[in-house]
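Given next are the chains, with one letter for each unit.
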Amino acid sequence: MTTETTAPSTPRRRRFFSKSDKITLGFFIGVPTFLHVALVWFPALATMYLSFTYWTGIDISKIQWAGLANYENIFFNTPIFWDAMRVNTVWLLWFFFIATPLGILLAYQIDREIRGHKFYQSAYYLPVVLSLAVTGIIWNFLLRPDGFVNGLLGLPTSQAISFFGDDRYNIWVIMIMASWRHIGYIMLLYLAGLKAVDAALREAATIDGATEWQTFRKVVFPAMRPVNIIVLVITIIESLRAFDMVYIIYGSSGGLPILGVLVFNNIAGEGASMKGAAYAVILFLLTIVPIIAYLRQQFREDVK
Amino acid sequence: MTIEKSQDKKKKKLYAQDIKDRLISIFIGIFALLWIFPIAWTLWSSFRPYTEIMKNGVLSPPQELGLFNYEEAISRMELPTYFLNSALITIPAVFLTLLFGSLMAFVVTRYSFKFNVALLLLFTAGNLLPAQLVFIPVFKMYLALGDLVGDRRFLYDNHWGVVLIHVAFQMGFATFVLSSYMKTIPKEISESAMVDGANVFTHFFRVMLPLLRPPLASLAVLMTTWIYNDFFWALVLMSTDKKRPITSALGRLQGEFTTDYNLLAAGAMIAVIPTLIVFFVMRKQFVSGLTLGSTKG
Numbered sequence: 001m002t003t004e005t006t007a008p009s010t011p012r013r014r015r016f017f018s019k020s021d022k023i024t025l026g027f028f029i030g031v032p033t034f035l036h037v038a039l040v041w042f043p044a045l046a047t048m049y050l051s052f053t054y055w056t057g058i059d060i061s062k063i064q065w066a067g068l069a070n071y072e073n074i075f076f077n078t079p080i081f082w083d084a085m086r087v088n089t090v091w092l093l094w095f096f097f098i099a100t101p102l103g104i105l106l107a108y109q110i111d112r113e114i115r116g117h118k119f120y121q122s123a124y125y126l127p128v129v130l131s132l133a134v135t136g137i138i139w140n141f142l143l144r145p146d147g148f149v150n151g152l153l154g155l156p157t158s159q160a161i162s163f164f165g166d167d168r169y170n171i172w173v174i175m176i177m178a179s180w181r182h183i184g185y186i187m188l189l190y191l192a193g194l195k196a197v198d199a200a201l202r203e204a205a206t207i208d209g210a211t212e213w214q215t216f217r218k219v220v221f222p223a224m225r226p227v228n229i230i231v232l233v234i235t236i237i238e239s240l241r242a243f244d245m246v247y248i249i250y251g252s253s254g255g256l257p258i259l260g261v262l263v264f265n266n267i268a269g270e271g272a273s274m275k276g277a278a279y280a281v282i283l284f285l286l287t288i289v290p291i292i293a294y295l296r297q298q299f300r301e302d303v304k
Numbered sequence: 001m002t003i004e005k006s007q008d009k010k011k012k013k014l015y016a017q018d019i020k021d022r023l024i025s026i027f028i029g030i031f032a033l034l035w036i037f038p039i040a041w042t043l044w045s046s047f048r049p050y051t052e053i054m055k056n057g058v059l060s061p062p063q064e065l066g067l068f069n070y071e072e073a074i075s076r077m078e079l080p081t082y083f084l085n086s087a088l089i090t091i092p093a094v095f096l097t098l099l100f101g102s103l104m105a106f107v108v109t110r111y112s113f114k115f116n117v118a119l120l121l122l123f124t125a126g127n128l129l130p131a132q133l134v135f136i137p138v139f140k141m142y143l144a145l146g147d148l149v150g151d152r153r154f155l156y157d158n159h160w161g162v163v164l165i166h167v168a169f170q171m172g173f174a175t176f177v178l179s180s181y182m183k184t185i186p187k188e189i190s191e192s193a194m195v196d197g198a199n200v201f202t203h204f205f206r207v208m209l210p211l212l213r214p215p216l217a218s219l220a221v222l223m224t225t226w227i228y229n230d231f232f233w234a235l236v237l238m239s240t241d242k243k244r245p246i247t248s249a250l251g252r253l254q255g256e257f258t259t260d261y262n263l264l265a266a267g268a269m270i271a272v273i274p275t276l277i278v279f280f281v282m283r284k285q286f287v288s289g290l291t292l293g294s295t296k297g
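Sequences listed follow chains A and B, in order. Residue numbering for the first sequence follows UniProt numbering, starting at 1 and increasing by one per position. Residue numbering for the second sequence follows UniProt numbering, starting at 1 and increasing by one per position.
Treat each hint with caution, since some may be false.
Claimed, not checked - Derived SDA-like pairs (lysine to any residue); straight-line CA-CA distance at most 25 Å:
#, chain 1, residue 1, chain 2, residue 2
1, A, Lys22, B, Val117
2, B, Lys10, A, Thr215
3, B, Lys12, A, Thr215
4, B, Lys187, A, Gly26
5, B, Lys114, B, Phe201
6, B, Lys242, B, Met141
7, B, Lys11, B, Ile26
8, A, Lys118, B, Phe95
9, B, Lys13, A, Gly209
10, B, Lys10, A, Val219
11, A, Lys195, B, Ile185
12, B, Lys9, A, Ala200
13, A, Lys195, B, Leu23
14, B, Lys12, A, Lys195
15, B, Lys187, A, Glu301
16, B, Lys242, B, Ile270
17, A, Lys62, B, Phe95
18, B, Lys55, B, Ala40
19, A, Lys218, A, Lys62
20, B, Lys114, B, Asp8
21, B, Lys10, B, Leu23
22, B, Lys12, A, Arg115
23, A, Lys195, A, Gln297
24, B, Lys114, B, Met182
25, B, Lys20, B, Asp8
26, B, Lys10, B, Arg22
27, A, Lys19, B, Ala193
28, A, Lys118, B, Leu290
29, A, Lys195, A, Phe119
30, B, Lys13, A, Thr215
31, A, Lys22, B, Asn116
32, B, Lys10, A, Gln214
33, B, Lys284, A, Ala196
34, B, Lys284, B, Phe95
Claimed, not checked - Cβ pair distances, simulated, as ranges:
#, chain 1, residue 1, chain 2, residue 2, range
35, B, Leu33, A, Tyr169, 19 to 27 Å
36, A, Arg168, B, Leu34, 19 to 27 Å
37, B, Met54, A, Leu93, 38 to 46 Å
Please keep in mind that the hints were generated in silico from the structure rather than gathered at the bench. Beta carbons are placed, not taken as given, at the ideal position from N, Cα and C, and that holds for glycine.
Make a model of the complete structure from these sequences and hints.
Right, dumping it as structure tokens:
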């Protein structure tokens with residue numbers, strides 16, 4: 001680096017590391033980097049490669065190139081894939097247009113310290129610490145044939161509404177359950193963001209005669225850009241990669257087909273085909289745009 | 001006169017705002033009660049015998065209330081074993097994640113070398129990859145490594161295998177959060193340590209690590225919640241049910257105890273105790289951990 005002497009940011013003293021310091025530093029970054037690359041990046045790239053192959057998963061020398069066959073199989077010969085895509089799309093739209101805005105609205109009202117805001121905040125935050133597995137079990141208590149809701153409707157077990165089994169209800173029931181957690185999550189993130197917005201900005205807008213909605217839309221919302229991107233990323237990732245809650249209710253039966261369970265069914269267990277790898281790659285590609293947006297946001301200063 | 005009038009107007013406006021706020025508060029309050037209802041109902045059910053509900057219906061007034069479901073859940077579901085499994089996975093995983101995360105953040109922010117930003121980017125991006133994308137090769141590698149050392153259960157079906165995958169994934173987030181925190185610590189502290197002749201080891205453990213206490217506490221609480229709540233990895237990387245952590249075991253227990261839902265309620269309530277501690281006692285750390293990544297510094 002020839003610019004070293006002129007750049008003001010470089011330290012004045014040139015450091016010489018002793019041999020032992022060099023070894024220590026090597027260990028400090030070597031061990032974590034090795035672990036991360038070996039268990040995350042290498043497998044991710046390997047899966048991408050495997051998605052273009054036929055392989056029974058036992059003998060590495062028997063991997064055969066398949067071209068796009070696995071993808072063609074999914075797109076043209078697996079109708080359940082499109083069913084799952086439809087459900088995940090509904091999930092995404094629901095989160096984007098209903099659950100996430102509700103979380104933001106809630107954060108906004110709680111941030112104004114309306115009466116009882118401390119209790120409200122806790123109530124909405126409670127589901128966020130629970131696992132999705134427990135969430136599934138808890139809601140099953142309300143919705144199963146001899147559960148609370150059917151009891152409230154006065155339906156005997158034999159005529160009870162099957163909320164999870166009936167196609168008319170199941171997707172909306174799952175949406176409500178997922179939102180139960182998602183709304184609180186978004187509320188927490190947004191609340192922290194709102195606290196960081198300069199109060200003087202808002203006051204200035206109010207003095208200038210802006211209505212509450214105008215102030216939020218034109219002043220607060222743009223000032224929250226970093227949080228907005230994170231909220232967007234979380235909304236997309238959580239809705240497209242959903243797995244736990246649906247799996248705990250339906251198992252691998254596909255009672256409500258979603259991508260996460262479809263991938264799981266194709267990659268777990270014996271006789272895994274590389275169709276599972278192709279599924280996983282599709283799942284990854286669907287979320288790549290928000291991931292890049294997030295990384296650009298976080299690393300904008302560093303790259304400059 | 002005019003001043004009075006405008007004050008009157010202001011008062012009216014304030015009054016209208018007050019009413020509006022009250023309405024909003026009531027509305028949000030009703031929803032808040034609805035929000036905690038599912039948990040409250042599960043808790044309520046866990047104190048009642050299931051036979052009573054079968055006979056009299058879900059909404060029947062209770063004749064018998066007690067902790068009997070809890071006693072039975074602990075003994076029949078073998079919950080202590082599953083709790084121990086959760087601890088064997090969560091504690092080492094959180095410890096190693098924080099150690100590796102702070103080491104990475106330390107080197108990346110305190111020593112300048114060519115690949116600083118690239119490494120940080122690699123770790124942060126890695127954290128965002130879906131678990132399913134990584135699973136097949138990890139599974140094969142675990143089996144192959146097991147064959148290599150002569151014990152198929154060396155990593156697969158072993159809690160260390162689950163620990164390692166959690167560490168590898170979560171390290172990305174920890175590194176990112178800790179490095180943005182470390183950037184706010186004045187460089188002079190590091191420089192004076194080096195002038196005093198501290199080697200890298202002392203510099204990290206004696207000088208930097210104590211300064212990282214606040215974000216480490218937040219991350220520890222957040223990571224504990226995430227790893228304890230994980231369902232996927234323990235499900236796919238373990239084949240022996242008795243080795244699974246409680247969150248994954250709940251899935252099987254749900255299938256097994258369909259004849260006694262209230263017993264399952266007690267089991268689920270016991271399983272959420274650690275997360276409830278996070279909710280009641282360490283909420284500050286949890287919330288700030290959650291938002292560490294979103295608001296820089």
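*asked:* Within 38 to 46 Å: is that where the Cβ-Cβ distance between methionine 54(B) and leucine 93(A) falls?
replied: holds (40 Å)
*Does lysine 12(B) pair with lysine 195(A) here, judged by a C-alpha cut-off of 25 Å?*
violated (29 Å)
*Below or equal to 25 Å on CA atoms is what counts here, so check lysine 187(B) against glycine 26(A).*
Cα-Cα ~21 Å, so holds.
_25 Å Cα cutoff - pair lysine 195(A), isoleucine 185(B)_ = holds (22 Å)
*asked:* Hinted pair, alpha-carbon criterion (25 Å max): lysine 19(A), alanine 193(B). Please report holds or violated.
replied: Holds, at about 18 Å.
*Taking the beta carbons of arginine 168(A) and leucine 34(B), is their distance inside 19 to 27 Å?*
holds (22 Å)
*Restraint check for lysine 218(A) with lysine 62(A), where alpha carbons must lie at most 25 Å apart*: Since the Cα atoms of lysine 218(A) and lysine 62(A) sit roughly 60 Å apart, the hinted pair is violated (cutoff 25 Å).
*Are the Cα atoms of lysine 242(B) and methionine 141(B) separated by 25 Å or less?*
holds (23 Å)
*Are the Cα atoms of lysine 187(B) and glutamate 301(A) separated by 25 Å or less?*
holds (18 Å)
*Compare the distance between the alpha carbons of lysine 10(B) and arginine 22(B) with 25 Å, and conclude whether the hinted pair is satisfied.*
Holds - the C-alpha atoms of arginine 22(B) and lysine 10(B) are around 18 Å apart, at most 25 Å.
*Quick one, are lysine 114(B) and aspartate 8(B) close enough, alpha carbons at most 25 Å?*
Violated, because 67 Å separates the two Cα atoms, which is more than 25 Å.
*Take a quick look at whether lysine 118(A) and phenylalanine 95(B) sit within 25 Å of each other, Cα to Cα.*
With Cα atoms ~32 Å apart, lysine 118(A) and phenylalanine 95(B) exceed 25 Å; violated.
In summary, the numbered hints that this structure violates are 8, 14, 17, 19 and 20.
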